[in-house]
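So you can see what is in the structure, the chains are spelled out below.
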Amino acid sequence: MSQLLKDYIKVKKHNFRIGVKKARLSKSCYLFLAPYAIIFTMFYILPVVISIVFGFTYYNILEAPRFVGLQNYISLFLEDDIFLISIKNTFMIAIITGPLGYIGSFLFAWLINELPRWVRSVAVVVFYAPSIAGNCYVIFSVFFRGDAYGYVNAFLMNIGIIDTPQLWLIDPRYMLPVCMGVILWMSLGAGFLSFVAGLQGIDKAQYEAGYVDGIKNRWQELWFITLPNMKPMLMFGAVMSITQAFGVCEVTMALCGYPSTDYAARTIVTHLFDYGFSRFEMGYACSIATILFLMMILCNKAIQSLLSRVGT
Amino acid sequence: MSDMKNNNMAENQNISAEVQEAETEVVETETAPKASLIDEETDVLKATVVKEPSVKKTKKSKKGKDDEEQVYHKPLIKRRKPNRSIAGDLFLYLFLVLVAIVMFFPIIYAVEAALKPLDELYKFPPRIFAQNPTFDNFSDLFVTMSKSWVSFSRYLFNTVFITGVGTAGHLIAASMAAFVLAKYEFPGGKTFFKIVTVAMMFTGYVTGIPNYIIMSKLHMIDTYWAIIIPAFALPMGLFLMKQFMEGLPTSLIEAAKIDGATEWCVFSKIVMPNVKPAWLTLIIFSVQALWNNPASTVIYSEEMKTLPFAMRQIQAGGIARTGEAAAVLVVLMIVPIAIFIFSESQILETMASSGLKD
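So the protein sequences, as listed, match chains U and Y.
Start counting the first sequence at 1; every next residue gets the next number (our numbering).
Start counting the second sequence at 1001; every next residue gets the next number (our numbering).
Watch out, some of these pointers could steer you wrong.
As the list claims (entries may be wrong) - Distance condition first, Cα-Cα at most 25 angstroms in a straight line; then the derived PhoX-like pairs of lysine-lysine:
no., chain 1, residue 1, chain 2, residue 2
1, Y, Lys-1194, U, Lys-27
2, U, Lys-231, Y, Lys-1190
3, U, Lys-21, Y, Lys-1183
4, Y, Lys-1190, U, Lys-12
5, U, Lys-88, U, Lys-301
6, U, Lys-301, Y, Lys-1194
7, Y, Lys-1123, Y, Lys-1183
8, U, Lys-22, Y, Lys-1194
Rather than coming from a laboratory, the hints here were simulated on the basis of the structure.
With the hints as extra help, turn the sequences into a complete structure.
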């Protein structure tokens, strides 16, 4: 047994030495990597570590952080009702807009794929524009204005569905659906581009081969040829849409206000901002950030393992 | 063989050939089983047309061989769409057009609102298109806001500066890192890239609070650098650049090295000019992230604040400022959209290699 262990250590040592030697030989590689790596470590890796560590402390920037154990997490889940509302809202938004936006991205990419070249490029601009148009979503606050002059109210009253103007952005019943609609409007983002490009890249010969092998209809074509070819892009698109779905805050803050009525449009990120930048309870905010981080990573891993089964 | 035939037929059958061709194509679509027979016919006929003395056609005759092959494959490709009906297609296209209108309507509306004079903005019933379009709202931005504490041009400058410097730095840093990650193997390289892909999975909001703490320790709060420096290391840019650079032939780099080029020389003279499509992609994503960044959490001084923040303030100005708010909105959204329109094909080329392998 001890012999085995010794051998194991020997091999490890040997590997390590080889690694060091290789690293010495590729000095210039590290030089190239250095600028990016330093900034990346500082502003992307370190913050995650910090938020995990500070999640266990009470910290308000002025005083030194004080260790409080799991207190932050306990009060988050047991005492903070608003946090529970925000988790519920975030999940509602993520579960509805995430998959819908993702499927929509693929569907539209697939539908415009066979259009002539120039039509396709116009269509890509039209579908992609909302997601890069920046703050354009604030225009929806004009459409959904609460009085009878708001376009949506006026339209619905004219055709007789409602008889009094609805306060779309103030009434807790309508806030989330309206926000979801706006988020869906913006959801054809980087994933959509990736799908369009991926569909263009599929070898046409594969379809002919598939036809010879007895593919009967377009659904089979989609399942057996298109989707397996698109798998890497599907993964990429999934990452993009999950990240987006959990990070919702700007739309809800711009449309429903901050804070919103009855906290009906509060998401986890809004809660995070509230505690981080309004109350400066950094420890508490860090524990929220850690929860959000874990949720995103776990959800991504789950979806990826699900997607790896596509087309098999 | 068929070419010789064509030469004889060419003189007298030009016009009739065209007519016949049109006819046979109709037949071709209807009767698939006879494909092979018709194929030969169309082949001959097409080649006949080719010999016409017009300039366009002679160009075609140079590619005669390709044409023949294409014509040979044609029926197969046509049969590839098994259950598509015209009604179904029409329905799909109608649906697409409808969705496209819904998608684009708010943007059109925003642009039109910016062009409307004040009396038209509150007209009832409302109109989508401005009847007397003016650029008054845009000039008002500079005129009215020049009297305020911080002029509009200052906000504009802040945003342009942040976007420009941030994008340039991101482009350089990310492509340098992507180059070595894509083309060399060294200890730690693969792990680093994996970490970057994981970083794509959480948004900037997760790191927002700790970033604030780090920046306050570095005394970067309330400077432009608080937004610019983190943007240098956007994970998405490195990811896309690395994936695209992997498609570059390694022999190109080896050849340059044999000719005595240094590492930096290979990077700046060989690799960078060859990945121009990826540049544009990085630029669009970085501009999109920076141009719309309100940055209200890390910048406090009024004269350093950005355009999205200014927009919120103008909007808060109420009814009198509606036109100007719409104008700022247009300024904010037109830049990323314009960049995207001009670089669409290159961006799509890059995105083709964007796949995430497990």
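Against the earlier hints, flag every one the structure doesn't satisfy and list their numbers going up.
7
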